[in-house]
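Trainee: Spelled out from the first residue to the last, the chains are:
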Amino acid sequence: MAGTSHPLAAPKTQTQTEVDLPWLVVVLNDPVNLMDYVVMVFRRVFGYDLEKARKHMMEVHEEGRSVLWSGPREQAEAYVYQLQEWQLSACLQRDKGE
Amino acid sequence: MPELHLRISPVFLTTFRELVEGFVRHVGVQLSVQPQGPDPEDEDMMDAWREGLLASVREDCGQLMALMKDSGLGREKVVLEEENALAVIRACSAVRLKIQQLFLKPYGEEQLEEGELDFDEMGPELQQVYACYVFLAGLQELLVHEVDPDATRG
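In order, the protein sequence lines correspond to chains A and B. Note that the working numbering numbers the first sequence so that position 13 is 13, with each residue one more than the last. Positions in the second sequence are counted from 1; adding 98 to them yields the working numbering.
Just so you know, these hints were derived from the structure itself, not from any lab. All C-beta atoms in this analysis are idealised placements derived from N, C-alpha and C, irrespective of residue type, glycine included. Be aware that one or more of the hints could be misleading.
To list a few chain A residues with every Cβ distance to chain B over 10 Å, as calculated [as the list claims (entries may be wrong)]:
id, residue
1, P72
2, Y81
3, Q84
4, Q87
Here's a subset of chain A near chain B, in silico, CB distances under 8 Å, partners left out [what the hints assert, rightly or not]:
id, residue
5, V39
6, E77
7, Y79
8, S89
9, Q93
Input sequences plus hints: build the corresponding full structure.
Mentor: Given below as structure tokens:
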């Protein structure tokens, strides 16, 4: 167990934790896109069922934003790009791990 | 395959076609959405991201214009390939966002979301543009119902 108590072990673990934190795909509200359209987009892009897609759509509508997905950066980037192709206001954020 | 049954006066359709054609030119140069790439400081990546989105939206708008120029639209049933219907659906959003950015900014977001704009208080140009905005919403709604009926249920 000596390795884990070494003074240099702690910072290394912290860095590893940061690396492991997922990336978030966030969709922001806009006053133009129709609710049914947004539900359809969430279903097509993420493969969500109707209930989950509606829940996220309502969250965007009522709270101004919703985290649609979290995971590895490359996949998150691909989702953000697709959502922007569908004319939704989407961005990538780093999970702060809170 | 998605089918479109739409009854609309040829006069209105001609007006909307001309308006949409103009907005499509805007959309093909400047995106309707903010291109938020993964790293705003990486200029090469941001350029590629923006150019990719522009290429996609130009293709989508091409499908919308092809539909608007279809001689059957507004008079008889028009049948679309699913991929083309999806492109038209996306293009409707791109053009509506551009209309909002260019003409409807003075209206509040809630007013716009609820469709509470007073048509009679608008000048003739804005009336035409707003009617086109509403027409594209209707067109999109019909097509969404065709490709994903569940999304429009309830």
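Trainee: Of the hints given before, which are not true for this structure?
Mentor: 2, 3, 4, 7 and 9
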